[in-house]
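Protein chains: 2
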Amino acid sequence: MDCEVRFLPEGKRSTVPEGSTIMFAAIESGVDLSNICSGKGYCGKCIVEVLNGELSPLTDQEKKRIPPEKLAKGYRLACQAHIAGDVVVRVPDQSRAGRQRLVIMGKEPPVTLKQNVEKVYVELVAPTLQDPMADDERLLRALAEKGYGGLKADFIITKELPKVLRKSGWKATVTILGKKEIVNIQAGDTKTQNFGVAVDIGTTKLAVFLVDLTDGNLIFADGMMNPQIRYGEDVISRINFATQGEKELKEIQSTIIGGINELICKGVGETAIDAQDLYELVAVGNTAMHHLFVGMQIKSLGLCPYPAGLGRAYDIKSREMNIAINPSGNVHVLPNLAGFVGADAIADILASRLHEKEKLTLLMDVGTNTEVMLGSRDGIWSCSTASGPAFEGAHIKCGMRAATGAVEKVKITPEFDVTYKTIEDEKARGICGSGIIDAVAEALKSGVIDTSGKFILQGHKRVKGEGAAKEFILIYKDETSTGKEDIVLTQDDVREIQKAKAAMYGGYATLMRKAGFKKDDLNEIVIAGAFGNYIDPSSARTIGMIPEIPLEKVSFLGNTAGSGARMCLKSLDKRREAQEINDKMKYIELAVEPIFEEEYINAMYMPNSRLEEYPETVKGIRGPMNVRRYVRRSV
Amino acid sequence: MDCEVRFLPEGKRSTVPEGSTIMFAAIESGVDLSNICSGKGYCGKCIVEVLNGELSPLTDQEKKRIPPEKLAKGYRLACQAHIAGDVVVRVPDQSRAGRQRLVIMGKEPPVTLKQNVEKVYVELVAPTLQDPMADDERLLRALAEKGYGGLKADFIITKELPKVLRKSGWKATVTILGKKEIVNIQAGDTKTQNFGVAVDIGTTKLAVFLVDLTDGNLIFADGMMNPQIRYGEDVISRINFATQGEKELKEIQSTIIGGINELICKGVGETAIDAQDLYELVAVGNTAMHHLFVGMQIKSLGLCPYPAGLGRAYDIKSREMNIAINPSGNVHVLPNLAGFVGADAIADILASRLHEKEKLTLLMDVGTNTEVMLGSRDGIWSCSTASGPAFEGAHIKCGMRAATGAVEKVKITPEFDVTYKTIEDEKARGICGSGIIDAVAEALKSGVIDTSGKFILQGHKRVKGEGAAKEFILIYKDETSTGKEDIVLTQDDVREIQKAKAAMYGGYATLMRKAGFKKDDLNEIVIAGAFGNYIDPSSARTIGMIPEIPLEKVSFLGNTAGSGARMCLKSLDKRREAQEINDKMKYIELAVEPIFEEEYINAMYMPNSRLEEYPETVKGIRGPMNVRRYVRRSV
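Heads up: the sequence lines are chains U and G, in that order.
269 is the number that my numbering gives to position 269 of the first sequence; each next residue is one higher, with no gaps.
Going from the second sequence to my numbering is simple: count from 1 and add 635.
If we strip away everything but chain U, and leave its shape as in the complex, we get:
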């Protein structure tokens, strides 16, 4: 039996089989509802108010995640409650992903054009009875005379050749891909119409760039939330969804392609170019996003030893993927080093020029997984570290994504007064990644917590609760958007941030030791990723998320994955460089690395139990130095 679920306030209706979850109905009807843990009931972010209708009994997860007063009012977790009849629910503001602040631009070094797509104008002699040479040979002969020999026309171009040549009066422009394949033939001289697309497929966001391939200029850039988010906000959730079967893999693939096509169409509309003149698309993403885009089987990405299915750079005929560019065009995906260091990391390196640096540089692309790359022109070491979704607001009591009303900056005075700034200066709804890092750093400096992360402030009006439930009120409820609940930093929140930053620092420190570098060798830190752009480097250094070097040596490049994709779109040399970087880069799998365990545990302290690594930072910390150094015996 089918049941109807009505979502308020938007009034959207979704008809789904009895027994479906409310989350399923929300996904079906496109209702914006947080789904961070992908329906497992862990994150507790999908709370909805049930106004009417029958549902399955409360689950243990619901009893644990929903506050008692809300439970009493009939609130449920959308991912846990199964429908037993027609239902009406209200989606509270806090349960929505909201308008996300999307940073799609990133720094891009100058690139000398060396396109994969060329356009050549030819004038043919029409056939006569004395010269009845076939159309294909006539065209190939003319192209060979212009220096383009050994070509083969794509099948769909070949089929249309007789018609197009005659319609054009034997004067036509031929588009050549990779000096090998004819992918278009157009009447007249259309040499100036040659465009390409660069795509960065982030786990959270999707960015699409249109580039004029005749001069390399960016003519359109836009982004959206990765529409795959409906299948779970983290990579593992999506791998789990995609490995359920062929149908699910196709569904999640066509979801991302649908999003890309939507942005391409928008760009084509705004720039008034012909989508047929988009001949190439270069895509980057982490290995999982890359594989889901291509439609690769990805079960192995989720299983130790996590090898990538597709490691080398790869080219695919665009019509095989239903990409909304010329159907004979080319889709190029950059190489993946490993299951968790993917094409986006290669793009980061290209755009940050890490592989050209004279001195040792740390490059981190901060996200749910943080790719850590350490090196210079002499070689690059890399690893991926599960920094977790805490920076995206998950597992944080008042956490939220970097959307409207999120607290993004926090200061705590020695008197424990708090000042803060929200995104778009709206009333505070919650706290996002950069705000959390600030809050923890400020709590440490002001003595709310000690270097072990433990709450030490006693008897202050901002401090409530006991033990793990202890919390520091950042913003009183009357200042918030709902006016109902304080925005707080809890003991558990601090633990989450400690784990996240320890993972990142642990990755860095492991690479340093594996490669044999010393603290002073490090000359520069480059933070990539849309998220990274908003972090206060001082706070990041205070909590020990990044090593201690002068702040002027820390820079933020923004979405360099997108920059790297554009660079490879414009230049075959950059594609070659990308493959070379991939082939030469060393990968350390932290899961089997005892050094990582040691460094991770030491980095659980703030800034670190190795105080000698942070001589400047420790001077600014008010509370006691509560640290214990850990060295694993077997190392």
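Please keep in mind that the hints were generated in silico from the structure rather than gathered at the bench.
Note that the structure is a prediction, hence the values are computed from the model and not measured.
Please note that a few of the clues may not be correct.
[What the hints assert, rightly or not] Stretch by stretch, here's where chain G covers chain U in the computed footprint (C-beta under 8 Å, at least three residues):
hint	segment
1	293-302
2	306-312
3	378-386
4	397-403
5	425-433
6	544-553
[To be verified] A short, non-exhaustive set of chain U residues, derived as facing chain G with CB atoms under 8 Å:
hint	residue
7	Pro127
8	Thr128
9	Leu129
10	Ile316
11	Glu320
12	Phe556
C-beta: ideal position from N, C-alpha, C; glycine also.
Position chain G relative to chain U; hints supplied.
Quick look at chain G alone, frame taken from chain U:
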């Protein structure tokens, strides 16, 4: 409004829009109905008896083509009568194409295997945390170690790679196409499962061969009528249909592919191989059939100067054409020299080894268009000549295809008694090509007609009518299948045969003169084509269809187009040879060749007005030598 047409005796029903022709309804419902002239009303072969229902008024063509007594009984031409309501018609035996005698086999010289498709068995080391190399690189590395470097996997193989490698326990067989592309990966060792398909797309018939590519053995061969016949029996009719629009082109293309797939499936069933192990299909056909198979725009084939759209050999991914072999497999089509000398002619040359002959040889592939090739290892000249559909039974009063009951051999004694043989020794239904050639040759030798083709026999009981309607009764009606009408040779029939054979000889003689050869240079005649197999060489020589050389120097190779396709399937060297033949062969367009006009007119006499070309033949002719030599002034 839709109307229903019911066809008797089979009882098939077809619902079609009011105003459709009966022929359209027959095509729609798959009723077997002759359609030689493609609905123009010329051939008069689609006579049906209307039992019930309303139709459009009689057309001029119908009044001309339907005998008065049948007109009176309500017989109509199916292609001319438009439906004005529900109709019931009966399709007489004579209006059906019938069970066609299909010759699909042809002589094939031995070929050294040099396959385009190779299978390689590899055992990979499973990935570990210490060696997490990506699946694609792991596979490519193992293949490179076996000497297969620089490969790229087809997109659909790449996508499945992680699953297949794990399922196979890292022991798999990789199929490599053209030493470049991985087109399959299978668990375990499947090296012995490697098959291919050769296809000969004749205008009339379709032949499909399955070949074991590990040893070159033919494992299945079968044929059927080319299902495109429903769009007209000759090439021009089909070009006309296909050039109506994209829809029609796709329809006629999918019709031939449907036929090929049907035969492939039959072969797969009978041989119990896996269609996934069919990796390559090599197809030949005349230029029009070739282009319709590929789905090429072919309007230009019907317009002077008739250039081919696709001249070079061409490879197409099988899934792009919906061919029922492995979707990553390859479809290879042989080159076409010109609009009317196509891939089938190149295949004929390969199979007949014309390009290796020491002495001058004439190769003719006899059909509605006859390809004439003259040459040796020193070079080949070629032309195509419109020998017309007379040999297929069209434009011949009692003509029919080589189907059950067709008269295929005829002798006329000096007393004008007639002996004959029918196909499958059934009662005579009509006369097919080889029978017509015999009949004309025997009529000439016995003195029924003179060398100009004129009826000269007077006052004999077998001779009826006057002038152009004069006819010689070959078989009295009481001996025929219907018992209703005599089977005759008419004055007009003789004229049709004269035109057909003059076209063929004219082509040969033009090539001889253009190439500068003399009569005695010709050492051998090879007749190819399914039809050619049944011609009596003596009769062909008597009427001057072929030049006079000793009969032991005339051979029939059967369907060499199919043989050539098989050779190219087995050997890349043969494909190279095919392209070389195509590149080197000279083509003479007879339409602009004054010599052809002269030779054609002289060849309208039987054997020829140049009696010195047929010294032996003329001795056997009883009637007077009524010839007049023609020499075009300007030549």
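Unsatisfied constraints (hint numbers, rising) = Those not satisfied are hints 3, 4, 5, 6 and 12.
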